[in-house]
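With these hints in hand, go ahead and build the complete structure from the sequences.
If you're matching them up, the sequences are chains A and B in order.
At position 277 of the first sequence the residue is numbered 277 (the UniProt record's numbering), and the sequence of numbers has no breaks.
At position 418 of the second sequence the residue is numbered 418 (the UniProt record's numbering), and the sequence of numbers has no breaks.
Incorrect hints may appear among the rest.
[To be verified] Lysine-lysine pairs mimicking DSS-like chemistry, simulated, CA-CA at most 30 Å apart:
| hint | chain 1 | residue 1 | chain 2 | residue 2 |
| --- | --- | --- | --- | --- |
| 1 | B | Lys445 | A | Lys339 |
| 2 | B | Lys431 | B | Lys445 |
| 3 | A | Lys17 | A | Lys36 |
| 4 | B | Lys220 | B | Lys171 |
| 5 | A | Lys321 | B | Lys191 |
| 6 | A | Lys96 | B | Lys365 |
| 7 | B | Lys59 | A | Lys59 |
| 8 | A | Lys300 | B | Lys83 |
| 9 | B | Lys220 | A | Lys76 |
| 10 | A | Lys76 | B | Lys445 |
| 11 | A | Lys339 | B | Lys452 |
| 12 | B | Lys288 | B | Lys173 |
| 13 | A | Lys36 | A | Lys186 |
| 14 | A | Lys314 | B | Lys59 |
[Claimed, not checked] Simulated restraints on C-beta separations:
| hint | chain 1 | residue 1 | chain 2 | residue 2 | range |
| --- | --- | --- | --- | --- | --- |
| 15 | A | Lys90 | B | Glu451 | 54 to 60 Å |
| 16 | B | Thr13 | A | Gly86 | 50 to 56 Å |
| 17 | B | Pro76 | A | Leu161 | 38 to 44 Å |
| 18 | B | Leu205 | A | Lys339 | 39 to 45 Å |
| 19 | A | Lys377 | B | Asp133 | 49 to 55 Å |
| 20 | B | Ser32 | A | Asp385 | 55 to 61 Å |
| 21 | B | Glu451 | A | Pro165 | 52 to 58 Å |
| 22 | B | Asp367 | A | Ser109 | 29 to 35 Å |
| 23 | A | Lys90 | B | Asp219 | 57 to 63 Å |
| 24 | B | Glu451 | A | Lys339 | 45 to 51 Å |
| 25 | A | Phe285 | B | Ser374 | 39 to 45 Å |
| 26 | B | Leu205 | A | Glu55 | 52 to 58 Å |
| 27 | A | Phe285 | B | Gly298 | 55 to 61 Å |
| 28 | B | Ser374 | A | Pro188 | 41 to 47 Å |
In short, the hints are calculated from the structure, not lab data.
Built from N, CA and C at the ideal position, the CB exists for glycine as well.
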Amino acid sequence: MIRNMTKKPLEFTLRAKCSRSKARAADMDLPHGRVKTPMFMPVATQASLKGLTPEQLEKSLGCNICLNNTYHLGLKPGQDTLDRVGGAHKFQNWNKNILTDSGGFQMVSLLKLARITEEGVEFQSPHDGSPMLLTPEHSMSLQNSIGSDIMMQLDDVVATLTEGPRMEEAMHRSIRWLDRCIKAHKNPDTQNLFAIIQGGLDADMRKFCCHEMIKRDTPGYAIGGLSGGENKEAYCEVVTTCTDILPENKPRYCMGVGYAEDLVVSVALGADLFDCVYPSRTARFGNAITRYGNLNLRNKQYADDFRPIEEGCKCPTCRPKSEGGMGITRAVVNSLASKETTGAHFLTLHNIHYQLNLMDEAREAILEDEFPEFVKKFFKDLHGDKDKYPQWAVDALRGVDIDLLD
Amino acid sequence: MNIAKMTFEVAKTVASGSAARTATLNLSNGNSIATPAFITTSSRGCVPNLTPDNVNVDKHVPGAVAVGLEDFVERPQAPLLLKDVGDEPSRTRFSLPEEVNIFLQTRRPSNVLPNKPNGRNMLSMYSSVGVVDIDIDQFPLMANAVAPEVFVAPADASGLSPSGACPGSNKVKKMVMRSQRWLEKCVADVKVPIYASILPTLPVLHQKEYLKTVVENQDKINGLVFHTRAEHSEYPDQTIDLSRFDSTRKPTDAAAAESAARKAAAQGPTDGNGNPLDVKTEHLTGPKPVLDELKNLGMGKTMPLYHSGQCDTPQQMLLLIQQGFDLLSGYSVETFSDAGVALDFTFPATPGAVFGHNLWDPKFKNDFSPLADSNQALSAPHHRAYLYHLLDAHEMLGHVILEQHNLEIYNRFLAGVRRSIEAGTFDADVKDFFEVYGDSKLVLKLVEMGEKLQGSHGADKDRF
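Dropping the structure here:
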């Protein structure tokens with residue numbers, strides 16, 4: 001392999017490809033260490049992953065990359081504080097990688113009064129209601145101050161189900177904004193800027209956008225504007241359309257994807273990176289994600305259930321004390337859930353481990369070229385009966401030569 | 001089954017002045033606790049905010065964890081702790097590291113008084129679903145199922161009142177009789193070491209019959225527990241005149257008047273013949289009158305003294321240690337952590353240092369110094385600005401880090417106390433401590449400040 005003379009902030013090395021589906025395993029070397037793909041990236045919105053210490057995330061869960069939200073960090077602690085301390089890694093004592101979004105998604109999802117112009121996103125300050133403007137330049141400046149290993153371009157986010165001229169405008173504008181982001185990005189030697197493919201559910205727009213973004217040759221590409229209420233068939237269609245076009249030697253990131261089934265299918269369709277608040281958010285509502293489906297541990301049927309959350313689970317919460325874990329049972333979580341924060345912490349540890357482990361297992365299967373078997377076992381464990389398999393997953397996987405029903 | 005061996009060896013007492021002492025408490029599990037030590041609070045079987053992997057036994061819970069049975073009695077018909085699953089004691093159902101020492105108590109270490117009197121054979125407890133009556137027969141069963149290092153036998157304290165006043169004489173009779181019977185029941189049926197409770201607020205004279213029961217069973221009792229409120233100890237007719245060290249208060253001001261009023265209130269009760277009772281109740285004078293009486297009644301051994309009642313500050317802890325207490329409730333760690341305070345005090349005091357920092361204060365927004373100035377090499381690598389941010393952003397991690405930090409500060413504080421007693425400088429060091437950091441009232445202002453600042457941050461203004 002030919003290596004560049006100067007080390008780039010992102011080296012993406014394919015390790016294996018599934019001989020049937022589009023699934024792949026790769027090593028992504030970033031400024032704060034190696035990330036093995038496929039990878040789920042937990043979300044530490046406000047520079048903290050809901051109650052977990054950075055030590056727990058790194059050492060107990062083996063996580064090498066998490067997300068911070070630019071919009072939230074821009075408000076608290078603010079750019080001035082981030083500049084003074086020398087970036088978000090130092091701020092939160094996290095020595096592994098950070099990916100930041102651009103802030104655009106929060107603008108649209110959280111602020112009802114946001115208005116998008118060619119200049120940027122106009123919104124009212126949540127502090128005092130005064131008008132503010134987030135431009136591609138401002139987003140880059142914030143993400144440069146954060147010092148994230150992967151930065152996302154500011155894109156024009158519209159509701160996924162939007163059609164016609166507004167979607168087309170958003171797609172074209174996202175391309176123009178990428179150019180402005182590239183120009184404004186001050187640290188291309190130490191921070192990677194990813195493009196975001198837009199175009200809603202329209203295959204032609206997605207294809208056009210992919211080709212335009214590829215011309216800009218960013219270190220990685222995200223598929224954006226999904227997980228916005230579209231049906232799963234449409235989602236899979238967009239992902240597979242994009243992965244067919246995107247270059248093989250760069251990472252592909254499906255933004256906002258976190259349900260286990262979606263992860264497994266998206267990996268089969270050729271995506272590498274994922275993020276979602278789902279595992280930590282659902283933990284706070286007392287839900288445990290397991291191989292066999294979710295359990296709501298607040299339910300009183302678990303009050304006397306002295307089994308681990310998931311039999312055989314290797315997470316710090318479930319692993320028996322004899323193996324260095326905490327040996328926590330469903331009954332214990334039940335007695336703590338919604339009464340003590342530790343109840344949420346136990347489930348957050350378990351759920352994040354579930355997501356990371358699921359991607360680990362997928363990676364191992366790809367490396368052994370046993371990915372189709374992995375996918376079949378995953379669906380069998382989750383649903384048991386083949387009649388219960390969701391049709392969209394069966395169809396999407398059939399499209400990449402994995403027949404779940406066979 | 002044999003009652004596990006437990007010993008208590010006093011190493012050093014202060015030569016003159018206070019009754020402070022160091023000792024080693026050897027527990028049945030082979031662990032030993034160097035005293036004076038604090039007993040970490042738990043809630044529903046966990047150290048608040050900490051999963052067991054975040055609890056470092058040596059740094060955070062060097063003494064023991066107090067677990068209240070009250071946290072586990074929502075379903076009196078099917079108590080969680082009595083459910084039999086294999087050979088494991090039900091202590092494995094607590095969210096605590098395996099090697100932690102457990103003191104099992106009836107009530108959780110909060111300050112809520114029961115609002116419903118106990119019955120002849122039942123104890124009223126506050127569970128998460130309301131007041132629950134637990135049959136007294138359940139307690140030995142639960143104690144044996146949990147297998148703690150120490151079980152604090154229940155006593156009838158339903159005569160307690162927030163003012164600290166002594167209950168009426170009929171009530172006193174009931175309290176004494178029930179407590180005698182309950183203690184005898186525990187002594188007969190509990191298979192782990194037992195600490196006996198001293199009846200709170202009752203003058204020695206009125207609990208003499210109960211103290212006799214304690215003495216009669218001394219072979220099977222390993223310690224004594226006092227449930228009083230420590231605030232009553234801060235300005236007693238004490239050996240140390242605290243007003244001298246208190247810059248915020250003159251001896252003639254309202255607090256002194258309050259203290260006098262409190263004493264007057266305690267003089268209220270009379271015996272059956274209308275004569276005033278002996279007003280030397282133990283909450284004003286420390287454990288000495290009770291210990292003297294126990295000795296008169298034939299108590300032959302030195303027992304560890306555990307103050308499990310309310311104790312709001314390290315200042316109050318020091319005064320209790322001077323009264324001779326060996327084990328102290330660490331409940332105040334929660335008070336400070338909940339209020340956003342990162343503690344920074346040492347013992348002996350560090351001249352010129354501050355007691356702690358309320359990290360809700362916007363002045364910490366860009367303060368990248370460690371949480372504590374005067375304690376180097378603490379385990380938390382985080383800085384004040386991050387903690388300010390976590391509190392400001394309502395992130396749960398803030399309370400995780402503060403809990404760890406403050407437990408570690410308390411641990412160092414008590415290690416300092418033990419060294420000071422060994423060195424014979426304790427009473428002087430206590431005076432210095434009050435001079436440098438102020439009294440309880442002063443340091444509790446840090447807590448009040450948290451409540452005020454927290455309000456000004458606006459819980460919902462910045463959230464979506």
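| task | Indicate whether the distance between the beta carbons of Phe285(A) and Ser374(B) respects the range 39 to 45 Å. | result | Given a distance of about 42 Å, which is inside 39 to 45 Å, the answer is holds.
| said: Run the distance test for Lys220(B) versus Lys171(B): straight-line Cα separation, threshold 30 Å. | reply: holds (28 Å)
| message | Can you confirm whether the C-alpha distance between Lys59(B) and Lys59(A) stays at or below 30 Å? | response | holds (19 Å)
| request: Measure nothing beyond the straight line between the CA atoms of Lys431(B) and Lys445(B); if it is 30 Å or shorter, mark the hint as holding. | output: The given pair, whose Cα atoms are some 20 Å apart, holds under the 30 Å limit.
| said: So if I understand the rule, the pair passes when the alpha-carbon distance is 30 Å or less; does Lys321(A) with Lys191(B) pass? | reply: With Cα atoms ~25 Å apart, Lys321(A) and Lys191(B) stay inside 30 Å; holds.
| said: Would the hint linking Lys314(A) and Lys59(B) be met if the CA-CA limit is 30 Å? | reply: holds (27 Å)
| said: Quick check: does the Cβ-Cβ distance between Pro76(B) and Leu161(A) fall within 38 to 44 Å? | reply: Violated, at about 54 Å.
| query | Between Lys339(A) and Lys452(B), is the straight-line Cα distance small enough, at 30 Å or below? | reply | holds (25 Å)
| Ser374(B) paired with Pro188(A), Cβ distance criterion 41 to 47 Å | At roughly 44 Å between Cβ atoms, Pro188(A) and Ser374(B) fall inside 41 to 47 Å, so the hint holds.
| message | Looking only at beta-carbon atoms, does the pair Lys90(A), Asp219(B) fall within the given range of 57 to 63 Å? | response | This hint holds: roughly 60 Å between Cβ atoms.
| request: Could you check the hint for me, namely that Lys90(A) and Glu451(B) are 54 to 60 Å apart, CB to CB? | output: violated (31 Å)
| said: If I claimed the Cβ atoms of Leu205(B) and Lys339(A) lie 39 to 45 Å apart, would that claim hold in this structure? | reply: holds (43 Å)
Taken one by one, the earlier hints fail for this structure at numbers 9, 15, 17 and 24, listed in ascending order.
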